[in-house]
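Please build the complex by placing chain B with the ligands on the supplied structure of chain E, with the hints as guidance.
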Amino acid sequence: MKRYLLTAIGIGITGAYLFPLYWMYATALKDDAEIVQYPPTLVPQRPFWNVGEVFFGRHMPSYLWNSLVVAVGVTALVIVLGTGCAYVLGRARGRWVDALLFFVLMMQVLPSSLVVTPLFVGFNLAGLLGTPRLAVILAQTAKALPFYVVICRASFAGVPRDLEEAALVDGHSRLAAFFHIAVPLARNGILVAAVLVFLQSFGEYVFARSMISDDGLQTATVGLSAFLGPNTSDWHGIMTYSAIYVTPILIIFVLLQRRIVAGLTAGAIK
Amino acid sequence: MQITLDGLQKHYGTYHALKSIDLAVPAGQFVALVGPSGCGKSTLLRTIAGLEAISAGTLRIAGEDVTRRPPRQRDVAMVFQSYALYPHMTVAENMGYALKLRRLNRTDIARRTQVAAATLGLEALLGRYPRELSGGQRQRVAMGRAIVRDPKVFLFDEPLSNLDAALRVHMRGELRDLHDRLAATSVYVTHDQIEAMTMADHVVVMRAGRIEQQGRPLDLYDRPASRFVAGFIGSPAMNILPGTVDPSGRAARLDGAEGPLLSLPMLLEPGRPVLLGLRPEHLRLSQEGGARFDGVVDHIESTGSTTFVKLKVASQAMVMTLARRLDVTLGDPMQIGFDPADLHIFDRESEASLVTQRDAPPRAGRA
Ligand SMILES: Nc1ncnc2c1ncn2[C@@H]1O[C@H](COP(=O)(O)OP(=O)(O)OP(=O)(O)O)[C@@H](O)[C@H]1O
Ligand SMILES: [Mg+2]
Numbered sequence: 001m002k003r004y005l006l007t008a009i010g011i012g013i014t015g016a017y018l019f020p021l022y023w024m025y026a027t028a029l030k031d032d033a034e035i036v037q038y039p040p041t042l043v044p045q046r047p048f049w050n051v052g053e054v055f056f057g058r059h060m061p062s063y064l065w066n067s068l069v070v071a072v073g074v075t076a077l078v079i080v081l082g083t084g085c086a087y088v089l090g091r092a093r094g095r096w097v098d099a100l101l102f103f104v105l106m107m108q109v110l111p112s113s114l115v116v117t118p119l120f121v122g123f124n125l126a127g128l129l130g131t132p133r134l135a136v137i138l139a140q141t142a143k144a145l146p147f148y149v150v151i152c153r154a155s156f157a158g159v160p161r162d163l164e165e166a167a168l169v170d171g172h173s174r175l176a177a178f179f180h181i182a183v184p185l186a187r188n189g190i191l192v193a194a195v196l197v198f199l200q201s202f203g204e205y206v207f208a209r210s211m212i213s214d215d216g217l218q219t220a221t222v223g224l225s226a227f228l229g230p231n232t233s234d235w236h237g238i239m240t241y242s243a244i245y246v247t248p249i250l251i252i253f254v255l256l257q258r259r260i261v262a263g264l265t266a267g268a269i270k
Numbered sequence: 001m002q003i004t005l006d007g008l009q010k011h012y013g014t015y016h017a018l019k020s021i022d023l024a025v026p027a028g029q030f031v032a033l034v035g036p037s038g039c040g041k042s043t044l045l046r047t048i049a050g051l052e053a054i055s056a057g058t059l060r061i062a063g064e065d066v067t068r069r070p071p072r073q074r075d076v077a078m079v080f081q082s083y084a085l086y087p088h089m090t091v092a093e094n095m096g097y098a099l100k101l102r103r104l105n106r107t108d109i110a111r112r113t114q115v116a117a118a119t120l121g122l123e124a125l126l127g128r129y130p131r132e133l134s135g136g137q138r139q140r141v142a143m144g145r146a147i148v149r150d151p152k153v154f155l156f157d158e159p160l161s162n163l164d165a166a167l168r169v170h171m172r173g174e175l176r177d178l179h180d181r182l183a184a185t186s187v188y189v190t191h192d193q194i195e196a197m198t199m200a201d202h203v204v205v206m207r208a209g210r211i212e213q214q215g216r217p218l219d220l221y222d223r224p225a226s227r228f229v230a231g232f233i234g235s236p237a238m239n240i241l242p243g244t245v246d247p248s249g250r251a252a253r254l255d256g257a258e259g260p261l262l263s264l265p266m267l268l269e270p271g272r273p274v275l276l277g278l279r280p281e282h283l284r285l286s287q288e289g290g291a292r293f294d295g296v297v298d299h300i301e302s303t304g305s306t307t308f309v310k311l312k313v314a315s316q317a318m319v320m321t322l323a324r325r326l327d328v329t330l331g332d333p334m335q336i337g338f339d340p341a342d343l344h345i346f347d348r349e350s351e352a353s354l355v356t357q358r359d360a361p362p363r364a365g366r367a
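Chains as they are written, first to last, in full-length UniProt numbering: chain E, 1 to 270; chain B, 1 to 367.
If you're looking for bench data, these hints aren't it; they were derived computationally from the structure. Errors might be hidden in some of the hints.
As the list claims (entries may be wrong) - With the C-beta cut set under 8 Å, the calculated list includes, among others, these residues of chain B facing chain E:
no.: 1; residue: P70
no.: 2; residue: P71
no.: 3; residue: A84
no.: 4; residue: A98
no.: 5; residue: R102
no.: 6; residue: L104
no.: 7; residue: P217
no.: 8; residue: Y221
Said to hold, decoys possible - Anything over 12 Å on all C-beta distances counts as not near chain B; from chain E, calculated:
no.: 9; residue: L5
no.: 10; residue: L18
no.: 11; residue: L29
no.: 12; residue: V104
no.: 13; residue: T117
no.: 14; residue: G122
no.: 15; residue: G171
no.: 16; residue: L199
These numbers were taken from a predicted model, which means no experiment stands behind them. Just so you know, even glycine gets a beta-carbon here, dropped at the ideal spot from N, CA and C.
Bound-form chain E, shown alone (with noise of 0.2 Å):
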């Protein structure tokens, strides 16, 4: 009976939590006059969809391609800047180690928007606001890393040292150690870090809205809030383009579920 009420309790907060997805996807069938009806209809009574005409009309190709190369360059960047930094803090011991850690972490927690002036302000003297998605590349990665390096660090402490010390003996340098045997064995934490950095990284607001005027080179995030205004009216396009949006990332999403949950709590039980 406890169980049953606990289930149930269970599917009402998800379903909470879930119904603006729901939303979302329902608002982009109904057409305009079906959305401001009232009382809301929660099935679409007349769905008919509109994709090809969004997806084009509103440029979604270049922004979606633009939202493409910010996060790979920012998954590329923390992958090959925050790996080894993850292994070190994992294998290093001390009072040190822990006070680094404890800075890592501070740096995740400044909000992007508060760091965004002196950004801008430092990246115009530098001259990359001329290449202003190379400037978001490189300002989200600062606040990416520290949450990849979060992440790894306790995939690696996994890892027995004793592992790399007997690939050691066998043969491998010290490097090769690392690649051959600490890497894959933590690439369950690397992945899903990987991963969420980029997704994070796809939808970045507040660096892209701050650092690129060109709405050439706009990601879609930036695209989408160009939609809004105050006499806002074309909600059902606001809804297909968000649907055409986020369906990529849910796909993804679900596909890596179980190993993204496996990395999280990876190093948490021991």
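Chain B with the ligands in isolation, oriented as in the chain E frame:
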């Protein structure tokens, strides 16, 4: 291949873990490193493997100075206490990994893995992953990974300590057999002195980063150079009681005892404070003659074949082991005898043995 350590030092920051270690392991020998926890056994083994940098001194393997070489250039194989099997590789891949890194071709690797697997009875397990093996099987795979390489030197860090008692005793014999068949040179770390005594040709007793004494197992048993070694080798541990040399210089009295004197096997200056050592297995119920003293039965334990008698002698505790059953009650007085040649005498201050300074008497029937 022989291993030579010359004045080897290891510092961890300010902590001095190995203090001038001199050790020569001849080719083909099985050497055991023993000592209490934290004495530096693993550290010494790891410096030989190249996993710890050597702070000072030299290390030679097969005559070559390898002090500054990384592990991969030393041609040593190591069996870890945790076994350290690669979890993402099968048994066969684990065993062949070192060969793969040496760029042997695939058929050679498969052939040598097969041979090693056959030696250890692992043929049926080659396709499994480490997580699908029992503790004993993992231990064998770890051994297999070492022997396929046919290395100059085998290093073992407490390889049997995770096995249950029966398997441990069995693996002792197997390991020693393997060593003899491969004509290998092995260094074996253990904190179990019985393992060391039964397996090794040469035992090195370590204490606080130093070598306290080294030699053949029975030599350590018969002639411990210090109270520490005397207490460490042998089970149950040697009885060591404070005493004082008698005015005659030829006998000693247990401190606090009124009773008779223990005659000494040599002459010492009268009044010198000493420590008197007697192994439990060298004590016997006294008949006439020989050296003896009185005690009171305090506690008795029997395993069936052996009886452990705890005695109070001059208000100090002593243990005697007898290879037969004994029908006494607690509180019974008992006359205990021993052969004066079995008495160990240590200086009270330095705790060094005073017996080894003279020629050890022949020990017929025991050596
Ligand atoms: N990386 C390290 N940093 C600092 N001190 C260390 C380090 N490794 C070992 N030590 C110290 O060196 C000493 C010897 O350690 P070692 O591991 O060799 O002991 P051991 O004889 O193998 O003991 P056990 O039987 O418990 O395995 C210990 O006091 C230990 O605290
Ligand atoms: Mg150890």
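Now for the hints, and whether the structure bears them out:
no. : hint : result
1   : P70  : 7 Å, holds
2   : P71  : 4 Å, holds
3   : A84  : 4 Å, holds
4   : A98  : 4 Å, holds
5   : R102 : 6 Å, holds
6   : L104 : 11 Å, violated
7   : P217 : 28 Å, violated
8   : Y221 : 33 Å, violated
9   : L5   : 38 Å, holds
10  : L18  : 37 Å, holds
11  : L29  : 46 Å, holds
12  : V104 : 25 Å, holds
13  : T117 : 44 Å, holds
14  : G122 : 40 Å, holds
15  : G171 : 4 Å, violated
16  : L199 : 27 Å, holds
When held up to the earlier numbered hints, the structure conflicts with 6, 7, 8 and 15 and fits the remainder.
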